[in-house]
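**Student:** Listed below are the residues making up each chain.
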Amino acid sequence: MEITEKDVLRTTTKLSANDILDGKVLSVKWTPNLKYAWDNGPAIGRYLAELKNGNVIAKKCNSCNRVMIPPRMFCELCWRPSDEWTFVHDTGTVNTWVVSHVDWKAGRLDIAGGIRPYTPAVIEIDGASKGMGILHLLDEVDPWKIFRGMKVKAVWKPAEERTGSITDIKYFKPIE
Amino acid sequence: MRRVAIVGAGLTKFYRNTLETPKELAYEATKMALDSCEMRLSDIDSVVMGTAPDAFDGIHMKGEYLSDGAGAFRKPYMRNFVGGGTGVFAPIHGWFHVASGMFDTCLVVCEEKMSSAYPHPAGAFLTIFDHTTEQPLFPTLIWIFAIEMNRFMTTHGYRKEDIARVAVKNKKNAMDHPSAQLPAEITVEDVLNSEVMAWPVNRLDISPTSDGAACLILAAEHVARRITEKPIWLDGVGWCLDSAYWCTRDLYYPDYLEVAARQAYKMAGIKEPSKEIHIAEPYDPFTYKELHHIEGLMLAPRGKSVQMLVDGVFNRDGNLPCSPSGGLLGVGNPIAAAGLMKVIELYQQLKGEAGKRQVPGNPSCGVANAWGDLMQVGTVVVLRK
Chain A
1 MEITEKDVLR TTTKLSANDI LDGKVLSVKW TPNLKYAWDN GPAIGRYLAE
51 LKNGNVIAKK CNSCNRVMIP PRMFCELCWR PSDEWTFVHD TGTVNTWVVS
101 HVDWKAGRLD IAGGIRPYTP AVIEIDGASK GMGILHLLDE VDPWKIFRGM
151 KVKAVWKPAE ERTGSITDIK YFKPIE
Chain B
177 MRRVAIVGAG LTKFYRNTLE TPKELAYEAT KMALDSCEMR LSDIDSVVMG
227 TAPDAFDGIH MKGEYLSDGA GAFRKPYMRN FVGGGTGVFA PIHGWFHVAS
277 GMFDTCLVVC EEKMSSAYPH PAGAFLTIFD HTTEQPLFPT LIWIFAIEMN
327 RFMTTHGYRK EDIARVAVKN KKNAMDHPSA QLPAEITVED VLNSEVMAWP
377 VNRLDISPTS DGAACLILAA EHVARRITEK PIWLDGVGWC LDSAYWCTRD
427 LYYPDYLEVA ARQAYKMAGI KEPSKEIHIA EPYDPFTYKE LHHIEGLMLA
477 PRGKSVQMLV DGVFNRDGNL PCSPSGGLLG VGNPIAAAGL MKVIELYQQL
527 KGEAGKRQVP GNPSCGVANA WGDLMQVGTV VVLRK
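Those sequence lines, one after another, are chains A and B.
Note that this note's numbering numbers the first sequence so that position 94 is 94, with each residue one more than the last.
So the mapping is simple: this note's numbering equals the position in the second sequence, first residue as 1, plus 176.
Hints may contain errors.
[Unchecked claim] No more than 25 angstroms apart at the CA atoms, straight line, and that leaves these computed lysine-lysine pairs for DSS-like: (1) A:LYS145 - A:LYS52; (2) B:LYS336 - A:LYS145; (3) B:LYS447 - B:LYS336; (4) A:LYS24 - A:LYS105; (5) B:LYS527 - B:LYS561; (6) B:LYS199 - A:LYS29.
The hints are simulated quantities; they were obtained by calculation from the structure and are not laboratory data.
A quick note: this is a predicted structure, and the numbers were derived from the prediction, not measured.
Could you put the whole structure together from the sequences, leaning on the hints where they help?
**Tutor:** What follows is the structure, given as structure tokens:
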């Protein structure tokens, strides 16, 4: 199991992203043309359609009595088809949150340059069962003043700009 | 079911960026493991490979690509993959092979080369999230782990400066590990002052991206007795997956890990884990995660792990040494290989062959776990001498 200094030198290299951009190393440039058309299924399909209308809809399971969001065609706990549709509110409670200085590629946000850190959160939606949260973003709030239990409300895109997407809600903001 | 022993192990050094190909890394670890117990490839009946997303290495069907390096040519070969949990699932997968009576020996090989993905392998993870309800928000793995850490902290009232001690402990432990990528003597202040990635996670709260490979050799009892006087027994295995509706679970506690641990403890006849287990390698890709897992493994009561950490219980010379290897935070995190590194650490510790890392007190029972997917999988092994 002994690894010698020589082995370290032999196998270590300080390759940087710039070495690739500058063409200093052999690299493969490949723009994958992989596009997917995902079917939403009936539950998420209606969820998105209602978002376009400015509503949030959930689905009930009459066995465990959960009001589930996002809505699902089957209850994963009771392992049976779910039951009625039910509208829930566009308000909720912060369950947990993050003050992120990175984007989805682990790229750094220019915080010093004035970019507001991203503040994604799990938001428990009012009207759904306790603990039923969705991932969304928080804004119009000092990132360092967010707290567990903070009451928040959806900020919607104008009706004509909505496309039937989770991003029809731009973000959630604190309720004054 | 037959009793299964571990009779050999091999581990490459972990690097940020190796020049070797993934296949060569797998070869190096596998050869080292065979040499460690004076076995030849012809003595091996079956091979299992644990390796994480193809997107890291950029090689689709990576298991097939790696098979030659793992010595699997013309042998029964299977790849398994449960995200970050893979490194501890791989020996469980090997255990099926031998315990079932199907094979007398099995090579368990784990490999990861994360450096091939530019600019950062984190980008490969966007597509693990729900394509309709989550991907449009451009989530990243660090977000969801920070989200979990925050829930853990706000539920128990844990402080960031206390959790940071895990990085201090593990990076120091790694100073004695020949494979370590990021061993260091650091302070709590260093962790708190390191770059904010996604608060509450700072840079030094996270394990690095790494390249590396690891290998364990499993054998049935009658074969193991011929190979070594000191076989280490794989006496308990457990695994469990929780719901992918991760926003519906209370993230403060890893229920999936408790279920997996109970399965492994029951099989190993362990009734009081905190008393009967002498040494642990809880999965520590993040500082908080070691504590989260210590609680899920029932080695500390819920809400008490931080106090035990502060009291030194988890130090190498404490009552319950945790991550004496240096863990993922110190040794490095080539995903599947890092999980298997933890099992190898238990193997060497129980054999009394951990050198400068040897924990005192002649430990005879250890537990390791790994975790991954959408924060939902727990994989657990119990080793005994």
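**Student:** None of the hints should be skipped; say for each whether it holds.
**Tutor:** Now the hints, each set against the structure:
At roughly 31 angstroms between alpha-carbon atoms, A:LYS145 and A:LYS52 are farther apart than 25 angstroms, so this suggested pair is violated. A hinted pair counts as satisfied when its Cα atoms are at most 25 angstroms apart, and B:LYS336 with A:LYS145 qualifies at roughly 17 angstroms. With a C-alpha separation of about 33 angstroms, the suggested pairing of B:LYS447 with B:LYS336 is violated against the 25 angstroms cut-off. Using a Cα cut-off of 25 angstroms, the hinted pair A:LYS24 and A:LYS105 holds, with the two alpha carbons roughly 23 angstroms apart.
Taken as a hint, the B:LYS527 and B:LYS561 pair is honoured in the structure, with Cα atoms around 7 angstroms apart against an allowance of 25 angstroms. This hinted pair checks out: B:LYS199 and A:LYS29 have alpha carbons roughly 22 angstroms apart, not beyond 25 angstroms.
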